[in-house]
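Residue numbers (this note's numbering), protein chains in the order written: chain U, 1 to 563; chain W, 1 to 365.
Bear in mind the hints are in silico, worked out from the structure with no lab data behind them.
Be careful, since some hints might not be right.
Claimed, not checked - List of simulated lysine-lysine pairs, BS3-like, C-alpha gap at most 25 Å:
#1 U:K96 x U:K391
#2 U:K554 x U:K450
#3 W:K12 x U:K395
#4 W:K80 x W:K107
#5 W:K12 x U:K391
#6 U:K395 x U:K450
#7 U:K391 x W:K80
#8 U:K389 x W:K272
#9 U:K389 x U:K450
#10 U:K389 x W:K12
Claimed, not checked - Derived list of chain U stretches under chain W, where covered just means 3 residues or more per stretch with a C-beta under 8 Å from a C-beta of chain W:
#11 252-258
#12 450-463
#13 475-481
Unchecked claim - Some, not all, of what chain W presents toward chain U, calculated at C-beta under 8 Å:
#14 A50
#15 P78
#16 F87
#17 D89
#18 Y104
#19 A109
#20 A113
Beta carbons are placed, not taken as given, at the ideal position from N, Cα and C, and that holds for glycine.
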Amino acid sequence: MSTAKDSRFGTPEILFGLSVAVLVIVVAVPMLLIFFNAFWVDGHFNVADVVKVLRHPETYKALGNSLVLSVGVTITGTIVGTFFAWLVTRTDLPFKKSMKLLFLVPFMLPAFIGALAWKMLLSPRAGYINRFFMDVLGFDGPIFDIYTYAGIILVETMYLFPFVFIQVSGALERMDPTLEESARISGADLFTITRKITIPLVLPSILSGALLIMLYSMAHFGTVAVLGIETGIYNIPTLIYEKIHQSAGSFDSIRTATVLATVLVITAALILWLQNKVLSKGRYQIIAGKSFRPTELKLRGLRVPLFVFCLLYIGFTIVLPTATIFMVGGLKTYGLPFTAENLTLANYNHILFEWDLTRDAIWNSISLGLSSALVTMFAGVVISYVIVKMKVRGKGILEFLGMLPFSVPGSVIALGVILAWSGKFGVNLYNTVWIILLAYIARYMAFSLKANSAALEQVHDSLVEAARASGATMAQALRDIVIPLVRPGMIAAFFLIFLPALRELTVSVLLYGPTTRTIGVAIYTLNEDGETVYSAALAGIALVIIVLGEVLIKRLVTGKNNS
Amino acid sequence: MADVRIDGVGKKYAGRAVLSDLSLTLNDGECFTLLGPSGCGKTVLMRLIAGFETPDCGVISIGGEPVADAASGQMLPPDKRGLGMVFQDYAVWPHMSVFDNVAYPLKLAGTDAVALRERTLRAVGLVGLSGLEARLPSQLSGGQQQRVALARALVSEPRLLLLDEPLNNLDANLREEMRFEIKALQQKLGITILYVTHDQEIALGISDRLAVMDENGVLRQIGAPEEVYERPVDDFVFRFLGIANFLPVRRDGDSLYIGGSMAAWVGPPPDKPGATLTAGFRPSDVLLARDEGGSDGLPGIIRRASFLGAQVDYLIDIAGTLVRAALPSHECLARNLLFVEGDRCRVELASVQWFEGNIVAGDRA
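I would like the entire structure built from these sequences, with the hints used as guidance.
Now the structure itself:
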């Protein structure tokens, strides 16, 4: 705003400098190191080596797998998401409102915990469902093998379809029904209207949701790690994990990992660019603005069967795996049938109160979640302030750096953080909790910037100027006007970061040390080590914490809106 | 209470000069209006006075004290200038009640609790919002929010009140009412007011003096409202202050003709030299008569007639140039002057502003 003319370094410049410094250290340095390590060998720029790495069967298989899996999940997830979105917005399905909420539940559940449950149910030999069919019904072999491409695609679909569901149901709800009605008056039947009017209008939403699924699935670690490694199905993130973990940090494996990470970054950037293009198409504007009451299709005879189908889908994809987790978590030994004498609360007791490994993990996740959310919230509000409100040159850099991690997969961030903070530059944080914290801050900064910028854009400059004209110094105007007005945005940012951080696996699995397991890592490694019941019990506890957290937010947010 | 002196002030944005070498003095205790089209730089000038912008050159002083001096780089921040300001979008803080909004300047000044309460309630009463102190801005209408902004600007009894198009977003009735209220408040409190607007009606109604600024940030004329209205220095000012008619007039020896025609000019003689002239007049300056034998005035043909209640609006073709006339309805009825399209008439002009050269007529209604 106004500073004395001769002081070239007033508050805006200082804040700008600080913001750039934070983002450079946390975001830019790790990212640059990845590209540097991928393309720079023995002091030369080297593309031949990159090609060599890419031609290694292990690498291109992982690339191929990532592609096959993400395309598969995108197709199935888009179909499922679009179908259910249409069902809950445009038909007379019973209990539509509750159904809509239920279809959003998978968003809360971490996919790798779901994968764990499905492994317990459908692994070819030990899975409860397969065993039921073989032992009780006398089948020769398992009815479904979850350790396959199909299995991975199915499980990921269950947890990722809400991306499409949310976008499409939103678009269908906001679409002006007169568009369809006028087609109807012009003599088109319902089928023609759907084909010629409705689908073209919601297509951008479908595509944008589909691309989000693809982006997420491409970079997804947990499900593939739980279900694929046993039969040798690797995707890029799981291969990066293998390279980093099992090669004790040899240069070759790090290079391979950086090349893989580079491919991942480029793919993600491409997907986001496509999504931007899809969303910026003019036709999308037809479905903007206020909510209309859309025309409903009478399902007639199909009404009850489709309702039952939805219930079955929810039961099968949400209730069954969740129940499995809690039941297995209560078993004395994995593999025992679920009878009263085999079930106990001892596992939960052991995990919560006796075992250091799991107690540490819970403590680590909560403290990491809290501290990364707090740091990112405060840093985010300052950086957003510089971006949105201040007139300084070069703030485009800030925006770019801050939003960059949004398109960068978690495994890439983790890898970059390893490269930057493992002693190369005199700071060695490897195996400490600090390196995870740094990675979380980098990863979640974009969330905070989005929430805070949105809040700050509501605070018109004239509100601050009115305070200055009333006699407030810049600091007083910030304290009395700006901060109170962006507080809801800050709170939103806090929870947008705290909850995902709580259940995080992809980043921390690459960074954990002996005492710095997170909940996700502990569940994953316990499962790897064959401690299935403890893994399930911890997963159950994680689910409870997550659901409690979500409920708490809903309370806070709706409470705020009412007042 | 303070006078404001602006001395040779210039301001550039991205290399484009918005204001250059502008000088202006506001007298202590007067209501001064800066009138100009949107985007002309009048808001920039106000923001320079408030301290939200720094001048590239020149000096601004309030009450004899320099608050911005480009040469020395001396710059008093807005919070130290002792101002009240009302913004175009009100800028009422949405998270504070009416009372808290109005009390904020006093709170910052460290006013003790009793005086703060008393003065805040008085300011709220002054703008007619008593009883609504506990409301949040979201529970108020636009006009009420605007009054909150006004009360907030007045509560600390500033020496200078800056008003940036504060009546823009109000409906016509409320706008008029607030205009009277601002004027009454100013007279009651004796503060200096700078009012920025593009609405000539408000400007004429509210000001002790006003300045007309053109698109390039140049002040064309400064003076009392009636002076600027009656004796505009040029056609820009004339156009800007109301609906303007222009008739081209040609001087041939001692005779005057309308435009390129052979029709003789009938009316007040020009006070400007030159062969090519333009006569400027308002619709209300037009006097009409039926075109019967012996009647004086310029010959015209009615092209359009609109009855608007209190007045009748005519579009008249005078030797190829279209002009507008507004006559009181009762006069038209009494003197049989309700014309229909195609009627012939005679036009006399009660008052004419003469401009040199041929000015292309353009309505700035």
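Verification of the hints:
1. U:K96 x U:K391: The hint is violated at about 48 Å.
2. U:K554 x U:K450: Holds. U:K554 to U:K450 sits at ~19 Å (cutoff 25 Å).
3. W:K12 x U:K395: Status holds; Cα separation ~22 Å.
4. W:K80 x W:K107: Given that 25 Å is the threshold and the Cα spacing comes to 15 Å, the pair holds.
5. W:K12 x U:K391: holds (15 Å)
6. U:K395 x U:K450: holds (15 Å)
7. U:K391 x W:K80: Satisfied, since the Cα-Cα distance of roughly 22 Å is no more than 25 Å.
8. U:K389 x W:K272: Roughly 54 Å separates the two Cα atoms, so the pair is violated.
9. U:K389 x U:K450: At roughly 14 Å apart (the allowed maximum being 25 Å), U:K450 and U:K389 satisfy the hint.
10. U:K389 x W:K12: holds (20 Å)
11. 252-258: violated (count 0)
12. 450-463: holds (count 3)
13. 475-481: holds (count 3)
14. A50: Holds. Min distance 6 Å.
15. P78: With Cβ-Cβ at 4 Å, under 8 Å, it holds.
16. F87: holds (4 Å)
17. D89: holds (6 Å)
18. Y104: This interface hint holds because 5 Å falls under the 8 Å limit.
19. A109: holds (6 Å)
20. A113: violated (18 Å)
Comparing the model with each earlier hint shows violations of hints 1, 8, 11 and 20; every other hint is respected.
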